[in-house]
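Colleague: If you read the protein sequences in the order shown, they are chains A and B.
Be aware that the first sequence starts at 0, since it is given in numbering that gives the first Met the number 0, and climbs by one per residue.
Be aware that the second sequence starts at 0, since it is given in numbering that gives the first Met the number 0, and climbs by one per residue.
Since the hints were made in silico from the structure, they are not lab data.
Do not take every clue at face value.
So the derived label-pair ranges between C-beta atoms look like this [claimed, not checked]:
1. PHE148(B) / ALA17(A): 45 to 55 Å
2. SER43(A) / GLY163(B): 42 to 52 Å
3. LYS125(B) / ASP122(A): 39 to 49 Å
4. GLN119(A) / ASN109(B): 22 to 32 Å
Cut-off 35 Å, straight-line C-alpha distance, at most; resulting in silico cross-link-like pairs (DSBU-like, lysine-lysine) [to be verified]:
5. LYS103(B) / LYS3(A)
6. LYS41(B) / LYS93(A)
7. LYS103(B) / LYS116(A)
8. LYS178(B) / LYS154(A)
All values derive from a computational prediction rather than experimental measurement.
No residue lacks a Cβ here, since even glycine has one placed at the ideal position from N, Cα and C.
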Amino acid sequence: MTVKSANKKSWIKKALIAILFIVLLGGGAYWYIMNETFDDTASSESAYTVTAQELINVYQTNDSVANATYREQIITVQGRVTEVEAADTTVNIKFTDPVTGSYLIFDFQSQHVADAKVVQAGDSVAIKGSCSGNIYSQLRKAHMISFKRSVLVNKF
Amino acid sequence: MKKTVLVLSLIAFTSVLFAQTKKTTSATVAFDATTAIDALPKAENKTVIAEIDTKTGQIGFEAAVKNFTFTNPTIQAHFNEERWLSSDKFPAFTFMGKISDVTKYNFSKNGVYNVTVTGQLTIKDKTNNVTTPATIEVKNGTLVANASFTIVLADYGIQVGTAGKIAGEPKITVSAELK
Chain A
0 MTVKSANKKS
10 WIKKALIAIL
20 FIVLLGGGAY
30 WYIMNETFDD
40 TASSESAYTV
50 TAQELINVYQ
60 TNDSVANATY
70 REQIITVQGR
80 VTEVEAADTT
90 VNIKFTDPVT
100 GSYLIFDFQS
110 QHVADAKVVQ
120 AGDSVAIKGS
130 CSGNIYSQLR
140 KAHMISFKRS
150 VLVNKF
Chain B
0 MKKTVLVLSL
10 IAFTSVLFAQ
20 TKKTTSATVA
30 FDATTAIDAL
40 PKAENKTVIA
50 EIDTKTGQIG
60 FEAAVKNFTF
70 TNPTIQAHFN
80 EERWLSSDKF
90 PAFTFMGKIS
100 DVTKYNFSKN
110 GVYNVTVTGQ
120 LTIKDKTNNV
130 TTPATIEVKN
140 GTLVANASFT
150 IVLADYGIQV
160 GTAGKIAGEP
170 KITVSAELK
């Protein structure tokens, strides 16, 4: 075997190893992304802790500013529940401003739905969830500020 | 005093029971754009506002785009980004429609009614007509409505590409318990 031929084989071997490495790395990244799930909100840190009425007031005053602060953040909200509403096989918990009808609504993470089902209107609670920001409802003429993947922190 | 409270409670109860407009803020809308090669693009939103006027047949739905929950964080992020739903700029889906021939149905009576709903669905500021069969079950003043239909994403300015990972005509399933 000539030196030139040996060098060529060594170069091909290195190239194959590099390609295999890239394929494995890409495959691993793809597998990770496809199998990734959201963390349990119970173990997530809250960026803010506010009362329900404070949060509704902020949205009613200036929803652009409120969204810039709270949207896509994990927030703990404290307040007195105004309604527990059936949502398919689960429940949502609401805090409503009695004057304007604007409200916060919390949809619960599947593993925490059972905790939400024991809450009743009038209970004072703290709930942590991922804030989806607001929409202004033309049907209800009020702001809806919604939360997803929520968890009941405690019931006072 | 007790009598007054009782009478007021009865009035409140009967006004809810026989109210012309039935409402909820917890309707569910599910979106399924899965394909044979990708089972991830599906989500649901359980905080949808819904109203049905049982006399006029007017129907309205409003959903916050950002409150659609996926199991996969990356797919959820893609769903909200500018190329897809652009939820920062267009935060709501709306459907405003009507039950066809509403006078044929007596929604004050318990039963299951098969109806046709026609209306306009707005996504990303683009509005298209939608017609779908739906069932409305009336049970002691509560309406349970269910419907299922497909939409063409291209009609709303959403291009899914050629990779075959996202269905161009996803299935939309709606369920609501209105009081």
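Colleague: Compare the structure with the hints numbered earlier in the document and write down the numbers of the violated ones, lowest to highest.
Modeller: Violated hints: 2, 5, 7; rest satisfied.
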